[in-house]
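Protein sequence lines, in the order shown, are assigned to chains H and Y. Read in UniProt numbering, the first sequence has 261 at position 261, and its numbers run on one by one without any break. Read in UniProt numbering, the second sequence has 214 at position 214, and its numbers run on one by one without any break.
Since the hints were derived computationally from the structure, they do not count as laboratory data. Hints may be right or wrong, so weigh each one.
One copy or any two copies: either way a pair holds, since identical chains are not told apart in the list.
Said to hold, decoys possible - Derived SDA-like pairs: lysine to any residue, alpha-carbon spacing no greater than 25 angstroms straight-line: (1) Lys-156 x Pro-212; (2) Lys-218 x Asp-163; (3) Lys-161 x Pro-212; (4) Lys-103 x Gly-236; (5) Lys-218 x Ser-92; (6) Lys-109 x Asp-162; (7) Lys-103 x Gln-46.
2 protein chains.
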Amino acid sequence: MPEGSLKSNLDLVNECDCFPYIQVSPSAYLSAVSTLYHLRCSTHAQPEVTLGYLLPSVALTLQNIPGWEVSSSDADPRTITLVHGEDEPSRSAIVAATTSAMKATGHFKVLEKWRNELYPVVSPDRTLLFSIERSASPLFGIVSHGVHMTCYTRSKQADGKDDYKIWVARRARSKQTYGGMLDNAVAGGTATGEVFFESIIRESAEEASLSPDLVRTKAKPCGTVSYFYIRDRRAGGETGLMQPEVQFLYDLELDDSVVPKPSDDEVEGFFLWSIEEVQESMRRGEWKPNCAIVMLDWLVRHGILTAENEPKYSEIVSRIHRRLEFPSL
Amino acid sequence: MPEGSLKSNLDLVNECDCFPYIQVSPSAYLSAVSTLYHLRCSTHAQPEVTLGYLLPSVALTLQNIPGWEVSSSDADPRTITLVHGEDEPSRSAIVAATTSAMKATGHFKVLEKWRNELYPVVSPDRTLLFSIERSASPLFGIVSHGVHMTCYTRSKQADGKDDYKIWVARRARSKQTYGGMLDNAVAGGTATGEVFFESIIRESAEEASLSPDLVRTKAKPCGTVSYFYIRDRRAGGETGLMQPEVQFLYDLELDDSVVPKPSDDEVEGFFLWSIEEVQESMRRGEWKPNCAIVMLDWLVRHGILTAENEPKYSEIVSRIHRRLEFPSL
Chain H
1 MPEGSLKSNL
11 DLVNECDCFP
21 YIQVSPSAYL
31 SAVSTLYHLR
41 CSTHAQPEVT
51 LGYLLPSVAL
61 TLQNIPGWEV
71 SSSDADPRTI
81 TLVHGEDEPS
91 RSAIVAATTS
101 AMKATGHFKV
111 LEKWRNELYP
121 VVSPDRTLLF
131 SIERSASPLF
141 GIVSHGVHMT
151 CYTRSKQADG
161 KDDYKIWVAR
171 RARSKQTYGG
181 MLDNAVAGGT
191 ATGEVFFESI
201 IRESAEEASL
211 SPDLVRTKAK
221 PCGTVSYFYI
231 RDRRAGGETG
241 LMQPEVQFLY
251 DLELDDSVVP
261 KPSDDEVEGF
271 FLWSIEEVQE
281 SMRRGEWKPN
291 CAIVMLDWLV
301 RHGILTAENE
311 PKYSEIVSRI
321 HRRLEFPSL
Chain Y
1 MPEGSLKSNL
11 DLVNECDCFP
21 YIQVSPSAYL
31 SAVSTLYHLR
41 CSTHAQPEVT
51 LGYLLPSVAL
61 TLQNIPGWEV
71 SSSDADPRTI
81 TLVHGEDEPS
91 RSAIVAATTS
101 AMKATGHFKV
111 LEKWRNELYP
121 VVSPDRTLLF
131 SIERSASPLF
141 GIVSHGVHMT
151 CYTRSKQADG
161 KDDYKIWVAR
171 RARSKQTYGG
181 MLDNAVAGGT
191 ATGEVFFESI
201 IRESAEEASL
211 SPDLVRTKAK
221 PCGTVSYFYI
231 RDRRAGGETG
241 LMQPEVQFLY
251 DLELDDSVVP
261 KPSDDEVEGF
271 FLWSIEEVQE
281 SMRRGEWKPN
291 CAIVMLDWLV
301 RHGILTAENE
311 PKYSEIVSRI
321 HRRLEFPSL
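Excised from the complex, chain H in its bound form:
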């Protein structure tokens, strides 16, 4: 592969955190936002809070759907507001009817992968406003939440430094989203009401055949990454949909005796790679974009990426912990 096509660490960040920053690129930000519809909910204490961004092509399909009010296209900002439903269950019922109607039209490709899994949409004080079908969340541009765990082994080198190897998962090539790309050992979305730590325990068993006891005792929470992703072709379905995300991170240091194994057909296999192999595969662009971000955070926390070997060190650290403009958990 020619040198020119290798990705820098900042390239990897730019692919995942691609929505412009108002404080750095005000004109790019304002021109992006001025075309988008702001999702709001008028039946709670802070009706002026924006919960996500919708493309006009999505917002305009909601114009005649009961429960919603769409502002005229010259409003500033353009808004789409959930105006009915006095409490969470009634709001969630309206949203469920809406997403089902959207699916029935066959108009939205992302809804063909209907998940029957509900994602939470919260107010700034983290109260659940309503839930929404997972596959519809990028259509509404709301913050989605998930868990990612890095599994690794550690031994001491002759000079006393830690020598790490990382368990890397390769996604099944048949998978519609990011098929064949590299992934963190365990990762998954977190549904309404789910406790993050329980979510990582469940996913660890489902995806990597790791025992719940092992994960409960040994998995260490170690922060979050957050970024504002805009979906591309590899995500499947419509491109250009907004997907701001917060991922809750865990580290799991494993003995040589523990080997993650696929337990469904989502993962092709697990490989124990050196840091150099991991970084080379990142440079070659083999990682699912948000999983590369999780790896970058791991490499920073474990002293492998440093201010001395990565010129964009502090920019990378701040970019992968983006403060999103929408409420989240």
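Please build the complex by placing chain Y on the supplied structure of chain H, with the hints as guidance.
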């Protein structure tokens, strides 16, 4: 101390990262920024980039100083521009003459603690534009850089979990800035041209009597924290000055045999505290504000603060890794 006066972790973040966010509080941000002067430099490739914010009371004193151009107060934005100096040394010479003249007036209290230490001001591509005397940096509102290291011991509990104790420094009560408050074991500002890792090695010897060999082999870089601080009374000198900062972080796990010791009169003493003692002292507000932020990052990275025990977990993580609107290293 009454329950009501204890500080939450988010309170600690709010005390250190106090400049408003445009994406969350646009009106608070815009009203703050509209009163400030934007520091610029017209003699490099990106003259439109703002390098820091000055209070009007500071900017207006530069009106008749050679090398500077101050826009009229109804300009949008108000600017103060370094218009002379075709290269770094000549710009730095103008800035040095300016800060010396400011000191000579006796008008600025922060300049009474003149440090004879130069801080870098960089362009977006991290090229050094000019250096500025450390004590003057908050007058110009530029990003300052530093290093902080957390020293700790680790032993295994009966249940296999890590039991940490943290070396906490108490600042000398006689110190004008944050006297008597708690501090990270090692911390210091990084001067123009200094390598961050060398900076932490030097400070470790100066402040905690830790051997350079030990720090060079065992100190582990583990990320940055960044925040936008507004100076209060405890910082000494004028209040309301803007101090955006990036701190490069290191962890140093110590054996029981190594004991940090003060080697100057800046530190009253070092204390090996349990996590509970550290967290209680944080709640009581005993920590220097930015050192509390460094501790929060440590507590997150080591799995002590979690999504389950800290409701504001993801907000705290993103807030302490703020993407600043000014260029930095």
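| query | Which hints, by number, does the structure contradict? | reply | Violated: hints 5, 6 and 7.
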